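Peer 1: Next come the chains, spelled out residue by residue.
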Amino acid sequence: MKFSSQTKQKIAFMLLGIASTIVIVPVIVIFTILIQKGLPAINWQFLTAMPRMGMRAGGIFPAIMGTLYLVSGTIVVALPLGVLAAIYLVEYARRNFLTRMIEVAIVNLAGVPSVVYGLFGMGLFVIYLKMGVSIVAGALTLAIMILPVIITSAKEALQSVPRSFREASLALGVSKWQTIRYVVLPNALPGILTGTILGISRAAGETAPILFTVAAFYLPRLPKSIFDQCMALPYHLYVLSTQVPNVSPKIQYGTALVLVGMVFLLNLVAVIVRSHIRSRKQW
Amino acid sequence: MVDKIVVENLSIDYGGVRVLKDMSLSVKEHEILGVIGPANSGKTSFLRALNRLNDLDISSRLSGSIRLNGKDINREMDAEEVRKKVAMVFALPIPLPMSIFDNIAYGPRRHGVKKKKKLEEIVEQSLKAAFLWEEVKDRLSSSGMKLSGGQQQRLCIARTLAVEPEVILYDEPCSGLDPISTAKVEDAMRELKNRYTQILVTNNVKQAARVGDRVAFFLMGELVEIGEAGQLFTAPKDKRTEDYLTGRFG
Amino acid sequence: MRRFKEFLIEKIILLNGFACILFVILIFFFLAKDGLTLFKTVSPWHFLFGTLWNPLAEPPQVGILPLFLGSLIVTLGATVISVPLGMACAIFIGEIAPRWIRELLKAGVELLAAIPSIVIGFIGMTMLGPIVKNLFHLPTGLTALTGSLALAFMAIPTIVSIMEDAISSVPRSYKEGSLALGATHWQTIHRVIIPAASSGIVAAVMLGIGRVIGETMAVMMLTGNASVLPKTILEPVRTMTATIAAEMGETVRGSEHYFALFALGLVLFVITFFINLAADAALHQKQK
Chain A
683 MKFSSQTKQK IAFMLLGIAS TIVIVPVIVI FTILIQKGLP AINWQFLTAM
733 PRMGMRAGGI FPAIMGTLYL VSGTIVVALP LGVLAAIYLV EYARRNFLTR
783 MIEVAIVNLA GVPSVVYGLF GMGLFVIYLK MGVSIVAGAL TLAIMILPVI
833 ITSAKEALQS VPRSFREASL ALGVSKWQTI RYVVLPNALP GILTGTILGI
883 SRAAGETAPI LFTVAAFYLP RLPKSIFDQC MALPYHLYVL STQVPNVSPK
933 IQYGTALVLV GMVFLLNLVA VIVRSHIRSR KQW
Chain B
4 MVDKIVVENL SIDYGGVRVL KDMSLSVKEH EILGVIGPAN SGKTSFLRAL
54 NRLNDLDISS RLSGSIRLNG KDINREMDAE EVRKKVAMVF ALPIPLPMSI
104 FDNIAYGPRR HGVKKKKKLE EIVEQSLKAA FLWEEVKDRL SSSGMKLSGG
154 QQQRLCIART LAVEPEVILY DEPCSGLDPI STAKVEDAMR ELKNRYTQIL
204 VTNNVKQAAR VGDRVAFFLM GELVEIGEAG QLFTAPKDKR TEDYLTGRFG
Chain C
594 MRRFKEFLIE KIILLNGFAC ILFVILIFFF LAKDGLTLFK TVSPWHFLFG
644 TLWNPLAEPP QVGILPLFLG SLIVTLGATV ISVPLGMACA IFIGEIAPRW
694 IRELLKAGVE LLAAIPSIVI GFIGMTMLGP IVKNLFHLPT GLTALTGSLA
744 LAFMAIPTIV SIMEDAISSV PRSYKEGSLA LGATHWQTIH RVIIPAASSG
794 IVAAVMLGIG RVIGETMAVM MLTGNASVLP KTILEPVRTM TATIAAEMGE
844 TVRGSEHYFA LFALGLVLFV ITFFINLAAD AALHQKQK
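Protein chains in written order, with this note's numbering: chain A, 683 to 965; chain B, 4 to 253; chain C, 594 to 881.
These are computed hints drawn from the structure, not numbers from a lab. Computed from a prediction, not measured in an experiment: that's the story for all the values here. A hint or two may mislead.
[Said to hold, decoys possible] For lysine-lysine, the following DSBU-like pairs were computed, each having C-alpha atoms within a straight-line distance of at most 30 Å:
| hint | chain 1 | residue 1 | chain 2 | residue 2 |
| --- | --- | --- | --- | --- |
| 1 | B | LYS118 | C | LYS726 |
| 2 | C | LYS726 | A | LYS858 |
| 3 | A | LYS858 | B | LYS119 |
| 4 | A | LYS932 | C | LYS604 |
| 5 | B | LYS88 | C | LYS598 |
| 6 | B | LYS88 | C | LYS726 |
[As the list claims (entries may be wrong)] Simulated DEER-style distance windows between Cβ atoms:
| hint | chain 1 | residue 1 | chain 2 | residue 2 | range |
| --- | --- | --- | --- | --- | --- |
| 7 | B | ASP81 | C | SER762 | 40 to 46 Å |
| 8 | C | LEU615 | A | SER846 | 33 to 39 Å |
| 9 | B | LYS118 | A | PRO872 | 28 to 34 Å |
| 10 | C | ALA625 | A | MET783 | 15 to 21 Å |
| 11 | C | GLY842 | A | MET696 | 23 to 29 Å |
Note that the Cβ used here is the ideal one computed from N, Cα and C, for glycine as well.
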């Protein structure tokens, strides 16, 4: 009897181990392929030159810059909005129906399909607010999309600041907002940053929301203003792999690697910031 | 001596549980009032009501009145004004995660003191008054969290003094400290007597006897007895006080 | 003055808090505004249950049933693959794996989560497609199965991280109580820990499904985009998301096709809305 339950356990654990391997192996394979096939394409010229010959040659500079513009615009909008919303939920909101509604709204924003964000961004920003297909419209769309990521991580960061700090400050007759501004926020900042960077990396990799709001198929120059269209890395990869015939795999993989590299660099920074806070935290 | 704080018919509920029952007492200017009693007797709730920190708990309900210098703190003053005048030192020292200097300067800065010279002056005076200056004067820029427990508690006292309160509340300020640190904190309290009104909540009956001018005994949310320290400890009027002091319960 | 400033800041913060509700309403409103216009000319019945999607025909055919079934078949496939794998991985990470393997697996899953969907689509097209094609001797490798496989891996990070949270939040005393009674570790896991974490597990599955239904780019690149009623998982299909992404660029604003795509977006929004609501309810049940 005892023997059989031990054996069962061995078999079960082995199966779980195999399943975990199945999950992890494709990750390794994807990265190996990307690096193996993409790395030879990457050189200074590839990163800094305009595309040529119908994007079959040359570099991906405008796509890289376009993504950087978009991401900066996204963060300028999403960071204050998200952090203030988190402050409201953690510091001011009471447990009532309205607060619950806000939480449900956040959960739902997180679950809205990215292509639906694209439709919404087109309907509201591009057409209704007459921004046209532009960097502003794209950045605003992406900002609303990553809002839940920023709010959730900012909430966690604010909640991790001990209640006693707030009481110590309030007990000195300091007002609530000043307590938040001078005690809570500085201590929550690294956590907020981590979440923000994760949000950015999500925004940098998304394609569907920018399809109808900002992305240009081919625009061999940099945008002149925020009301211009621009190219973007993820969309560029889509174009190269499905819309333009006879693009050499080298350029496709090179573009994919640059995109993944950018996203991972951001994630890496987030991980480093996070572990740095943990090691430095005094409370 | 004049009455600094007058509490009348004060009752407090937390989420429907009554923790303080119909309490009336007054605190005289420049005295140290010791408050003793077993756990859950309402001492801390009483203290938190005095500087309106109980406002932070939305489930708390308060009735009756608390007057500071004759003004009702819940109806005629706003919370920040009350907390500035009635400061609180917590059971566990809570230095803010910043330097010693910034800890002390935190309150004055938020209340509008900008000049560096003035801030330096406030920091020095506050640290001196809390008997901490000599120990930290060479490392004001190091973190307040690196100090020992006793030093941290005196730092918190100094931070409290820096906002120039009129009343200082202590919530078992020595519960986590060793005897030597405790003695230093008690010294600081005696030294502050001529300038401040102080209320000391403590589990340590002997401490109340050492520093209190008058002592109040709380039991299950009620004020059982209040009187001169000498009288209360040697000849308590109420049987329950006597039982508590002789260690029959608590 | 200071009091006024404080008051103003509190109001601004309050406004930001409500912004999220506003955005959900705005999304719904802007989808409904154009989406519902469709029903002036097309009956909701024909839209929802019409079996022909050919918006460029004359008159346009905008029955979304093939697209809905396309999404359904891809989602079902992905769920069948990702739920057992994700659950096994979460249990392995949370209960069994030694520390270094656990960290390695977690890092791997996080890496997987961070790969943009367009990259998954690209790799799937170049690597996975040919494998599926040769394995089943198909005319094309871009099928519902290919999409399901790729989507399963995109859903796994969501499933693993939420399930692992649920598993690790089971009180230690449950586990110790069971082990103390002489149960093996495995018996403890499947008789005590999994039942105790069940509502979190349900939430993980739902959020995983929500992720799959809403996924766009990878699906568009991998499923072959044939808007016909799917019969087997080895045929090309076309999902609702891919239809919007592929066709919106080519429509005339204000045409029936245009309104139909918005109506499709509305259907997607409503579906994911309820899935997320259900997942959230499951998570909240756990907290009580």
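Peer 1: Falls inside 40 to 46 Å, the C-beta gap from B:ASP81 to C:SER762?
Peer 2: For C:SER762 against B:ASP81, whose Cβ atoms are near 41 Å apart, the range 40 to 46 Å holds.
Peer 1: Do the beta carbons of C:LEU615 and A:SER846 sit within 33 to 39 Å of each other?
Peer 2: Cβ of C:LEU615 to Cβ of A:SER846: about 35 Å, so the range 33 to 39 Å holds.
Peer 1: Does C:LYS604 lie within 30 Å of A:LYS932 when you go C-alpha to C-alpha?
Peer 2: The hint is violated at about 54 Å.
Peer 1: For B:LYS88 and C:LYS598, compute the direct alpha-carbon distance and say whether it is at most 30 Å.
Peer 2: Measuring from Cα to Cα gives roughly 22 Å; hence the hint holds.
Peer 1: Given a hint of 15 to 21 Å, does the C-beta separation of C:ALA625 and A:MET783 actually sit inside it?
Peer 2: Cβ of C:ALA625 to Cβ of A:MET783: about 19 Å, so the range 15 to 21 Å holds.
Peer 1: So if I understand the rule, the pair passes when the alpha-carbon distance is 30 Å or less; does A:LYS858 with B:LYS119 pass?
Peer 2: Roughly 24 Å separates the two Cα atoms, so the pair holds.
Peer 1: Check the following: the C-beta atoms of C:GLY842 and A:MET696 are separated by a distance inside 23 to 29 Å.
Peer 2: violated, 49 Å
Peer 1: Kindly confirm whether 28 to 34 Å is satisfied by the beta carbon distance between B:LYS118 and A:PRO872.
Peer 2: holds, 31 Å
Peer 1: Given the hinted pair B:LYS118 and C:LYS726, is their alpha-carbon gap at most 30 Å?
Peer 2: At roughly 76 Å apart (the allowed maximum being 30 Å), C:LYS726 and B:LYS118 break the hint.
Peer 1: Taken at face value, is the distance from the CA of C:LYS726 to the CA of B:LYS88 at most 30 Å?
Peer 2: Violated, at about 79 Å.
Peer 1: Would the pair C:LYS726 and A:LYS858 pass a check requiring their Cα atoms to be no farther apart than 30 Å?
Peer 2: violated, 64 Å
When the structure is compared with the earlier hints, violations turn up for hints 1, 2, 4, 6, 11 and for no others.
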